[in-house]
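Chains as they are written, first to last, in the working numbering: chain S, 20 to 444; chain P, 20 to 444; chain E, 20 to 444; chain G, 20 to 444.
Worth double-checking, as some hints may not be accurate.
All copies of an identical chain are treated as equivalent in the list; a pair is satisfied when it fits inside any one copy or across any two copies.
List of simulated lysine to any residue pairs, SDA-like, C-alpha gap at most 20 Å [claimed, not checked]:
| no. | residue 1 | residue 2 |
| --- | --- | --- |
| 1 | K438 | H296 |
| 2 | K419 | A371 |
| 3 | K168 | A116 |
| 4 | K165 | Q415 |
| 5 | K99 | D163 |
| 6 | K168 | V113 |
| 7 | K247 | L277 |
No lab work stands behind these hints: they were computed from the structure.
In this text the structure is predicted, and so the values were computed from the model without any measurement.
There are 4 protein chains.
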Amino acid sequence: MKRNIVVSWLDRVPVAMGEVELVERKGIGHPDSLADGLAEAFSRSLCQLYVDEVGEVLHHNVDQSEVSGGQSEAVFGGGKVLEPPYILLLGRAVDEAITPDRRVRFPVRDLAVRTARSYLWEHFHDPSLVSETGFSVAEDVIVDAKVGKGSQDLIQNFRRTAQRCPTDHRTCRPANDTSFGVGFAPLTETEQLVYEMERFINGDVKTKHGLTATGCDVKVMASRRGKKIDLTIACAMISSRIASAAEYRNVVAQLHDLCQEKAAELTDSEIGIVINHADNTASEDPSDYYLTITGLSLENGDDGSVGRGNRVNGLITPFRPMSMEAAAGKNPVTHVGKLYNVLANQIATQIADEAGSEVFEVQVRLLSQIGSPIDLPALASVELCTRDEAAFRRWQPRAKEIADGFLEGIESLTDQIVKGRVGVF
Amino acid sequence: MKRNIVVSWLDRVPVAMGEVELVERKGIGHPDSLADGLAEAFSRSLCQLYVDEVGEVLHHNVDQSEVSGGQSEAVFGGGKVLEPPYILLLGRAVDEAITPDRRVRFPVRDLAVRTARSYLWEHFHDPSLVSETGFSVAEDVIVDAKVGKGSQDLIQNFRRTAQRCPTDHRTCRPANDTSFGVGFAPLTETEQLVYEMERFINGDVKTKHGLTATGCDVKVMASRRGKKIDLTIACAMISSRIASAAEYRNVVAQLHDLCQEKAAELTDSEIGIVINHADNTASEDPSDYYLTITGLSLENGDDGSVGRGNRVNGLITPFRPMSMEAAAGKNPVTHVGKLYNVLANQIATQIADEAGSEVFEVQVRLLSQIGSPIDLPALASVELCTRDEAAFRRWQPRAKEIADGFLEGIESLTDQIVKGRVGVF
Amino acid sequence: MKRNIVVSWLDRVPVAMGEVELVERKGIGHPDSLADGLAEAFSRSLCQLYVDEVGEVLHHNVDQSEVSGGQSEAVFGGGKVLEPPYILLLGRAVDEAITPDRRVRFPVRDLAVRTARSYLWEHFHDPSLVSETGFSVAEDVIVDAKVGKGSQDLIQNFRRTAQRCPTDHRTCRPANDTSFGVGFAPLTETEQLVYEMERFINGDVKTKHGLTATGCDVKVMASRRGKKIDLTIACAMISSRIASAAEYRNVVAQLHDLCQEKAAELTDSEIGIVINHADNTASEDPSDYYLTITGLSLENGDDGSVGRGNRVNGLITPFRPMSMEAAAGKNPVTHVGKLYNVLANQIATQIADEAGSEVFEVQVRLLSQIGSPIDLPALASVELCTRDEAAFRRWQPRAKEIADGFLEGIESLTDQIVKGRVGVF
Amino acid sequence: MKRNIVVSWLDRVPVAMGEVELVERKGIGHPDSLADGLAEAFSRSLCQLYVDEVGEVLHHNVDQSEVSGGQSEAVFGGGKVLEPPYILLLGRAVDEAITPDRRVRFPVRDLAVRTARSYLWEHFHDPSLVSETGFSVAEDVIVDAKVGKGSQDLIQNFRRTAQRCPTDHRTCRPANDTSFGVGFAPLTETEQLVYEMERFINGDVKTKHGLTATGCDVKVMASRRGKKIDLTIACAMISSRIASAAEYRNVVAQLHDLCQEKAAELTDSEIGIVINHADNTASEDPSDYYLTITGLSLENGDDGSVGRGNRVNGLITPFRPMSMEAAAGKNPVTHVGKLYNVLANQIATQIADEAGSEVFEVQVRLLSQIGSPIDLPALASVELCTRDEAAFRRWQPRAKEIADGFLEGIESLTDQIVKGRVGVF
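With these hints in hand, go ahead and build the complete structure from the sequences.
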């Protein structure tokens, strides 16, 4: 069957060359990213469990986790968590399967809570911080789960596969929703800078440069005007490692210098950096600074939800097309809100990689229709922003071919996601 | 102080004239819209309470409501709700104020629950449906609230206003976050069509055409290719008002005809309409149809969250710039994630209205910096897509003037939002 | 089969003639009684539902309701509920039955919440109070339910009935636990007085004497020494109906007089009455009085649990044998913690009624053994405290006969309980 | 001030010599005992925290913990926990203190959750069981806490101390409730047997006799008739350590023999023992046995609440006077529901110890009046069941003296309880 793929010419100035650009990334410790991370980890655990037990991924949709902030009292040199953050994993998942020879029950709620703790442990456990503060993010955060059995219709839909295409050898899992996915490539210099800067602060800054007073809750916002890029960085500082306001200001200054150096490596553009702009640097009062016990703002009131942060490419880009879909936590078998966002990015990236400098921008949008096979989108739109119309004509057929190829192979995407090889936030 | 407003030329084919367009709207009864509606109603109630008690809106941020779907068993002619949906209102709000002469305590949690019930009552209470089914959405849904006292820092920030600009007569509330808002105008024909179609199904279809078997949970998705617009509509049907699969198919057919007529009124484009595409119309089994007791999918497993649905203009538009911010539930005093999204749309609309056919498209993005006055964004970007460069030059100064004027008057926006005159989803 | 019934002589001074006696009753509005009432109402609704749908009462055990107090601020003439009380119905109940011809799903959680609201409505709804205060106990209290499917073993046990006594025509439902029930009769004068006094304050005091400023949360404690009975009464007063501390003291004085008169009707003993002993009557501060918005202490921090208040005869009697079992909420089919407590009281009452003045006291204890038929207790102990040993010998055989008769007819008890003809707290 | 102490003669056959006796003990792993244990541990942690921070125990009442059972699937040789048990700590506690020089905030909710985990760890952590089953009771059970700030009135009452007795040098903390405590001594042989038997099964049976397939959830029920004592024991078995039904039956047989031997050590009475009476020993199906993954019935549906199990002496004794008060979790400063029950037992024990064989039984009941000093009960009743009236007369004055002494020194009881030297369940 022929796929409905439209490749059109995007006749405009590329975003990278426009006058203005805005780009944001919420780091791994931001409450919204944490909610995404927990939801995705839970989904992957479920997939693994289902595959181990019955040989295939069963229906689930656990894309509703909530991170509800606690209460803390951070002071220079220490402080305490008064009320631990509360994480609630929500969604639905099949908790029982009837196979020809047996009835399998799945420990869904147990898995939810364990997976969450493992995730917290893997990403935020810092043994020395635990001994300094007496508070362990991995152990002392409250984790609960309410997981339903999923909507009757969706389950039905999920199962209907085999019935509808009995004689057809190609993929035919039906889409579980009428929804779309969006992707683009390549990243602009500003986008790369934002992405890399967060990775740098949550990586080398701590491990290589030893600035361990910086927490994991990092947000990087860039606004570019012409050739000048202004970075506004929010980074939760760790109170037990900062003895005074003066030391805090010193840590911020060090972080500033490191980021400035890193930016100079990454770009030739002029870079302005502001860190923790809400601080009142004239004050000695700890509450006038971005000070935390754990390095995470969720300890003191900041909430987070799945799907409210980064898109599947790790960025929030209001000068780029975006989808509202939360990819994290959705099942990677029939949920187009997840599959199509990832696939749209893969298609765009592949085209951009092959075309190199001839294609400035690729934008891909995939629209599903509930009940139709996921490899046959209602519409696949590919837009190429090229040097000139000739370049568009040259790349148009290849772009279509690439889109077609990725759609043809959409089944393999499930496996990549289950194995954690595809980022979704 | 001069505002940092950049008006630039958007030299491209307008979206309306592009080859492809995708537009979505989640109606008032969609779980995500319900979460938005509840969060916003709660915020407005809080504002009113604060103003009544202490004369000003105090800090709150209640943008984390969760709608956790129930379990139901719908059959033709009836059925039952097995497990009621569960609504959890989350966030933070000041619950105590110390004024010079007294200490005021605010009934925040009580207000949360009451406001939610009022909202359900106002939008979904159908007395005859209650008597048909025995289930009242307004009364029988479980509503709970967990509302913290807000993060220390944010509260601090909120209060810092007066201290920083004591001698300055202009507005100086500081932004509570580094964030941005996005808006555009005018709507394309497809966008208008999607918006109107949902309003039609949740309005005249029921009241004027008497098709009361259609529920309030409606989603409209449009994909336009060239001049052809395909509408995929999902509309939960009400089981007590549909006696059989045949009658169901008949209701869908009637709805189809009404929508087709309505579309013809709204546009000259060729329109294709598909309703409830996942139905298996060959079946007599109620579970093969989009059948509900209440007309709301949340009764059977569909969850919803704030900020995952429509943007402040009521649409999801992947061919347009969008913000990830959840506007609903945020306080309308310092929360730029709300104020800037609304304002960006107002600025864009005003420019588009004045410029008429000379400006095809206006895109506005406003970037805040935490701690800086909200009327002085770090950057205000206005892009004009015009017939030609001359038109851009003509409208550039006026666009800047309009943006400046709206920013100057941003204080009045709070009042409009509190009074419910501004939609946010 | 012969039942293991032991009738023995209780050779002692009866409680009524002892030097000292302590008796307590928690009224219908006390948080513990409310928890009992909600649990029992829920169980009865379940029974009715099961009988209607499948013709028999299925397994459930919903004896774990929690009443978690709210926060309020009562002042003379008014006040407000800041945080509504929170009721959580807990337990387990079969939510699905497979019958030969179909699969029935039971709306357990929906039923829980509805039944709770109905109960609140029936017992505490006062329309004029709602209009005075703006707070409705029936509507504004938060009600949630977490109901599991019950332990595997117990369910098994429940079903095993038919298998074990296939050829036996008599009742053979097996006990679900090794547990005991306790009962005694007749009530002493002090016991009757305490019981009647609470009923009076929650009855005639309000309806006949018009003292509507008295709330439903009433606790009556009696200590008798010799012929003198001291009653300590706690009665939550309703703030909107009391304009000042003086008026409060006046209401208490009126209540005192009414209770004194009532006591004189009920007994010739000397009666001392103290009401709301913690009040600081020298103060004008409302927080120095037992003042509430709703007439229920649960509005401001008082919690309640099933099984912590009155025994099945409506009293707490430390000079009498008691069982620790919570009767409320337990299923009335196999749960001996409920059935045996009720039955023990019925047996004792019947013996006492027949014997009249010849038997001073009857004490009955029934011990079950998990898995054995409920009509065949491991041990039925009946103790008779009689004028003399001759009286004991006269009544011993009849007492045994009565006990045997009640055990023989234990099946009919289920029906009485389901119909609400048997009080359990 | 003279205390109102009444010592009266209990002219009856002592319980130990009566025809029938019933005694029960719920072991440490029983859900009700677990709820008690968690509540008491939480209270003790709070006391320690308050003392450390402000030098005195502040108001709290955390006697409402709930243990909500999970779901498991135990099979011989293994199985899995499907849904982890859920523990909810409820109650109220002061979370902020204003001292002359500072404002202290207490991490109440954090403390609740940590204390619960510590308690689970201390009493139920079995490393080898965790490695066998993959499930850790200490880590994988869900623990949450909802702790309010306590009722306004009670807090007031708590603070009022100093004001009321400014010139009086003696103890004068006011009672927080009108309530009573009950105690008796000495224990009968049956009572001792029940107590020791549970301690044996949860002690030597595992550590000395190596019967590690027996779990910690143990309940012992005794019914004595004449000289014959029947023990009905329920003991959850651990599935990973029992390979088959035959092995299960063998473990039960071993346990039976050990208990029989132990009983012979403890008593000369004839002893009958039945273990896990609901088992269907003809079956090979694991669901026909009392089989668990963790040795705790709460893993599969058995719920527990504070105050529903053992009285402060560790027993449930329907042939003895009992109080309905939950002692566990109540504050040990003003809460008579706790203090008076413990004290009544201490008084009874002291009298019984001194009097030896001259006094068969001592029964003590203490009645408080809300607002009155805790060392001045409204009534203290001591009953002595003696060989003859002469013995009563001899011991009456000393009994009064002892009661008076314990009441005089009631302040020291608080300290004993905080240090964990007094059992309360």
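Which numbered conditions among the earlier hints are violated in the structure presented, ordered from lowest to highest?
-> 1 and 4
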